[in-house]
Structure formats: structure tokens, C-alpha cells
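J.: Based on the hints, put chain B in the right spot on chain A.
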Amino acid sequence: AAGVIQSPRHLIKEKRETATLKCYPIPRHDTVYWYQQGPGQDPQFLISFYEKMQSDKGSIPDRFSAQQFSDYHSELNMSSLELGDSALYFCASSSYESGQDYSGANVLTFGAGSRLTVL
Amino acid sequence: GEDVEQSLFLSVREGDSSVINCTYTDSSSTYLYWYKQEPGAGLQLLTYIFSNMDMKQDQRLTVLLNKKDKHLSLRIADTQTGDSAIYFCASGGYNKLIFGAGTRLAVHP
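Chains as they are written, first to last, in this note's numbering: chain A, 1 to 119; chain B, 1 to 109.
Everything labelled a hint here was simulated from the structure, so no lab data went into it.
Certain hints may be false.
[What the hints assert, rightly or not] With a straight-line cut-off of 20 angstroms between C-alpha atoms, the simulated DMTMM-like cross-links for lysine to aspartate or glutamate are: (1) B:Lys-70 - B:Glu-2; (2) A:Lys-13 - A:Glu-82; (3) B:Lys-67 - B:Glu-2; (4) A:Lys-57 - B:Glu-2; (5) B:Lys-67 - B:Glu-5; (6) A:Lys-57 - B:Asp-26; (7) A:Lys-57 - A:Glu-75; (8) B:Lys-67 - B:Asp-3; (9) B:Lys-36 - A:Asp-42; (10) B:Lys-68 - B:Asp-54; (11) B:Lys-70 - B:Asp-3; (12) A:Lys-57 - B:Asp-3.
[To be verified] Residues from chain B that keep clear of chain A, each with C-beta distances beyond 12 angstroms, as calculated: (13) Gly-15; (14) Asn-21; (15) Thr-25; (16) Asp-54; (17) Met-55; (18) Gln-57; (19) Arg-60; (20) Lys-67; (21) Lys-68; (22) Ser-73; (23) Arg-75; (24) Gln-80; (25) Val-107.
Just so you know, even glycine gets a beta-carbon here, dropped at the ideal spot from N, CA and C.
Bound conformation, chain A alone:
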């Protein structure tokens, strides 16, 4: 079965540079979520999109922006990178219409993550 695809898997950037992460959700999933997981930390919710519109916003810095495109893929843009931005960035997708087994639960399927290292 198709999973959530994230690219790149690894990215190394210098301070003050810009990075873009991409996420391709499971086909027919209409909601995309971005999470940031620092070393030894729990995943922190950044932002989510439903049908290409932002649906919720968490602890996303102003230096970051994201969008969901017409083909439902999403991109997370990070500018003026800081050392503290080094983390694993996860994308997840779900279907608002039904849970994975039509129970109504919001089952998020996560990608393998993109590891960003800022030097």
C-alpha cells in the first residue's frame, strides 16, 4: 500500500539558509499535518491543512511557512535557519471523510521523516 512520502530524507544547511521539505500524502487523503521532533522530544504539532486550506496552527515559528497544493502534496518552507531548527520533521496524512477503517477515528499515517541538520 502507498505510504506518506517525504523528501528529502536528510538535509544539511548552514545557519540563515533556507530549506524546503516536501510531503506526498496517501492517495485520497485530504488532510496533511506537519510535526517537528527534536532529539529525545515528543512530536510537536506545527500546522495542518484540509483540502488545501490551513485547518490548524501550532508552535510554528514565523520563519516557517507551509502550503498544500492542488495535488494535495504539501511543502514546509523554513527560512533564516537556526541551530535549534535541527530536528526530524514528520508529515502525516489522514482522510477527513472516514478513518482508516471507517470508524470515524482520525488515523494519522506518518512518513519516515526528514532529518534537518543546521550547522
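T.: For chain B alone, coordinates are given in the frame of chain A:
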């Protein structure tokens, strides 16, 4: 805001049962979830429970929910070395899930 808390570490012997506990604050969550994360990997959904249920069993996994106390637990029967991972409980709705800090389960012979 919403908060989810877990104990950070659990060590068990292979073959024993593991119980991972979680408390949450968001009483509006319709479902509560357990995810597993192995080193360097993404989060994998293990199971979830509807907030009106007290218990759900899925093979070696048993989820208990005390809605009054906002307490959720995950019991893994016959714990194996392959169960060593970080286990996250999560609450929330369609716009987002909030995760706890994760419980690192170590299984030793």
C-alpha cells in the same frame, strides 16, 4: 491548552507484561491513540480507543480508558525484544493530534 503526560521510561523482562500509562487534559477528544516509534523511524499507529469505551483488546494489546480520571493505559502481553521502542499516547481531533513525551520501553532477557 491540551496536554498529554507519560512516564518516560519502562524496563521489563521478556515474556512479562508491560503497562504504559498516560494522562490527558483534552476532554473533547473523541478518540485516544497509541503510536510506536522505533529508532530513526516515523510513528506507527498501534491502536486507538473511542472515548465512550472502557477497554479495547487487539491481540497482545489492551487499552484501558478511565474517562473520568482522563487516564489511558496500554498493556502489552508477553512483551518481546521487538517491542522495544518509544510509545506515544495522543489525543485530539481532526485538525491535529497532541502527543505525550513518549515512554521508552526497554525489554531485557
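J.: Taking the closest pair, is the beta carbon of B:Gly-15 still more than 12 angstroms from chain A?
T.: B:Gly-15 clear of chain A: closest Cβ-Cβ about 28 angstroms, beyond 12 angstroms.
J.: Evaluate the condition: distance from the CB of B:Arg-75 to the nearest CB of chain A exceeds 12 angstroms.
T.: At roughly 20 angstroms from the nearest Cβ of chain A, B:Arg-75 sits farther out than 12 angstroms, so the non-interface label holds.
J.: Between B:Lys-67 and B:Glu-2, does the CA-CA distance stay at or below 20 angstroms?
T.: Status holds; Cα separation ~15 angstroms.
J.: Straight-line Cα separation of B:Lys-67 and B:Asp-3 no greater than 20 angstroms?
T.: Distance of about 15 angstroms is within 20 angstroms: holds.
J.: Does B:Asp-54 clear chain A by more than 12 angstroms, comparing its Cβ with all Cβ atoms of that chain?
T.: holds (17 angstroms)
J.: Compute the least Cβ-Cβ separation between B:Arg-60 and chain A, then decide whether it is above 12 angstroms.
T.: It holds; B:Arg-60 is separated from chain A by about 19 angstroms at its closest Cβ, greater than 12 angstroms.
J.: Check the hint pairing B:Lys-36 with A:Asp-42 against an upper bound of 20 angstroms on the C-alpha distance.
T.: holds (12 angstroms)
J.: Taken at face value, is the distance from the CA of A:Glu-82 to the CA of A:Lys-13 at most 20 angstroms?
T.: holds (10 angstroms)
J.: With a cut-off of 20 angstroms on the C-alpha distance, tell me whether B:Lys-70 and B:Glu-2 pass.
T.: Status holds; Cα separation ~12 angstroms.
J.: Are all beta-carbon distances from B:Lys-68 to chain A longer than 12 angstroms?
T.: holds (21 angstroms)
J.: For the pair supplied as a hint, A:Lys-57 and B:Asp-26, is the alpha-carbon distance within the 20 angstroms limit?
T.: Holds - the C-alpha atoms of B:Asp-26 and A:Lys-57 are around 17 angstroms apart, at most 20 angstroms.
J.: Test the statement that B:Gln-57 is away from the interface with chain A: the closest C-beta pair must be farther apart than 12 angstroms.
T.: The claim stands: B:Gln-57 keeps its Cβ more than 12 angstroms from every Cβ of chain A (closest is about 15 angstroms).
Checked against the numbered hints above, the structure breaks none of them.
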